[in-house]
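With chain A held as given, fit chain B onto it using these hints.
Chain by chain, the residues:
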Amino acid sequence: MLNALDIEGDSPLHRMPVRGKLVLLFSAAVGLFVVSDLRLLVPALALSAWLLLSTGIGTGQAFRRTRFVLFTVLLVAAANYVFVSPHEAAVVFCRLAALVLLAAAVTATTGISAFMDEIARLLTPLERYGFVRAADVSLAVGLVIRFVPEILSRYRDIAEAHRARGLPVRPLTTLVPLIILTLKDADTIAMAIDARGFRRH
Amino acid sequence: MDIVFTAATVRYAGRVALHPLDLALSERRIGIVGLNGSGKTTMARLINGLVKPTEGSVTVDGLDTVADEKAARGKTGFIFQNPQHQMILPILAEDIAFGLKNRGLAKAEIAERTEAILSRFNIAYLARRRVHELSGGETQLAAIASVLVTGPDLLILDEPTNQLDLKNRALIERTVASLPEQVIVITHDLALIEGFDRVLVFHEGRLAADSRPAEAIGAYRKIAAC
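Top to bottom, those sequences are chains A and B.
Numbering-wise (full-length UniProt numbering), the first sequence opens with residue 1 and increments by one.
Numbering-wise (full-length UniProt numbering), the second sequence opens with residue 1 and increments by one.
Bound conformation, chain A alone (with noise of 0.2 Å):
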């Protein structure tokens, strides 16, 4: 969700320090399950919401960037209404949607540099003890987020390939070279990474 998806602004949430905000979107998560009444739930979902637009957004693009997940709550709640009760479904779209809109509104107001040095400090007690290299992990989950689009850019032109050649694309022939020359520009991407000096040791 942190695909350089941060936005500019001074609100509340943009004041508020990183790790003030994943612990919010942690005990929301944690909160939201153990709450399953609608008079508590509904109201958490509505904040979450106002929380979202609350970050200079605008709808549209709040919209844009939840739909599809939103939508997958949509089937999961779904699948409550008819296998379970109409009750326990809007339980279940409140609780996942207000987190959804919670994480995005987190997502909004948060750079992935201060995300990662976020990682990178709650690492750090691990790495005392031998466990972690806490930069390293900041990086990787940078270059994760970095490199998503890359992928699927890469896929996409794949699937072309196999448009214009007049092959059927199939997950068999498309994923194959994606994980050929994924691999073949994680070499390039670590020579990079050493190039710049980005690895202090």
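Treat the hints with care, since some could be wrong.
[Claimed, not checked] Using 30 Å as the maximum straight-line C-alpha spacing, the simulated DSBU-like pairs for lysine-lysine come out as follows:
#: 1; chain 1: B; residue 1: Lys167; chain 2: B; residue 2: Lys107
#: 2; chain 1: B; residue 1: Lys52; chain 2: B; residue 2: Lys70
#: 3; chain 1: B; residue 1: Lys101; chain 2: B; residue 2: Lys52
#: 4; chain 1: A; residue 1: Lys184; chain 2: B; residue 2: Lys52
#: 5; chain 1: A; residue 1: Lys184; chain 2: B; residue 2: Lys101
#: 6; chain 1: B; residue 1: Lys70; chain 2: B; residue 2: Lys101
#: 7; chain 1: B; residue 1: Lys70; chain 2: A; residue 2: Lys184
Hints are computed from structural coordinates only; laboratory data are not their basis.
Just so you know, these numbers come straight off a predicted model, no measurement behind them.
The following block gives chain B in isolation, referenced to the frame of chain A:
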């Protein structure tokens, strides 16, 4: 800055990618040309330690690229054939700042130097743009900015005008010509290196010619015609 190759040899799995090379480079503008697989990229990568010599040595400003790897690498910047691969963070300004952050600079200085380098290349308007959405010319400029912000004395560009249209090619030519840093360019774009101080021609892993651009390009044309 002096770059010295002393019998530098590179072998990959028994195959010689670069035959023993003895060379000293100190000119401000150096071009490297050669057919595909001639060893020119391997030679350039030796300079900032991305490739280690199997035998012999390479020094940059007196620093051995193996023994003093980190210090030597700090003196050289490298722009890859596909500069998209070296943009590590999704937003340009953050990517540029990340290089400085890793050098432990204070926040205010990072912001100041990021802004200054973006202005230097007239790309301040791209600061908040996603790097994967930049055009070919913008990506090249952004990559040059992200490397030069850390202050290397030497910039190595691997085929910087590859896949660029005529307008962006001219932009990169002007940019390279205006850089105060020492520059080494690996290229197939012969017009780019016409005004350079020295041009090296590689062929089958050996230095085949080393002279002023006109003579070196002539030698390269002869090799390519064979």
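Each hint tested on the structure:
Taking the CA atoms of Lys167(B) and Lys107(B), the gap is near 36 Å; set against the 30 Å cutoff, the hint is violated. As the CA atoms of Lys52(B) and Lys70(B) are separated by approximately 13 Å, the hinted pair is consistent with the 30 Å bound. Restraint check: the Cα-Cα separation between Lys101(B) and Lys52(B) comes to about 27 Å, which is no more than 30 Å; the hinted pair holds. Restraint check for Lys184(A) and Lys52(B): the C-alpha separation of about 20 Å stays at or below 30 Å, so the hint holds.
The suggested pairing of Lys184(A) with Lys101(B) holds, with an alpha-carbon distance near 28 Å, which does not exceed 30 Å. In summary, the hint linking Lys70(B) to Lys101(B) is supported, as the alpha carbons are separated by about 16 Å, within the 30 Å threshold. Restraint check for Lys70(B) and Lys184(A): the C-alpha separation of about 25 Å stays at or below 30 Å, so the hint holds.
This entry does not satisfy hint 1, going by the numbered hints stated previously; all others are met.
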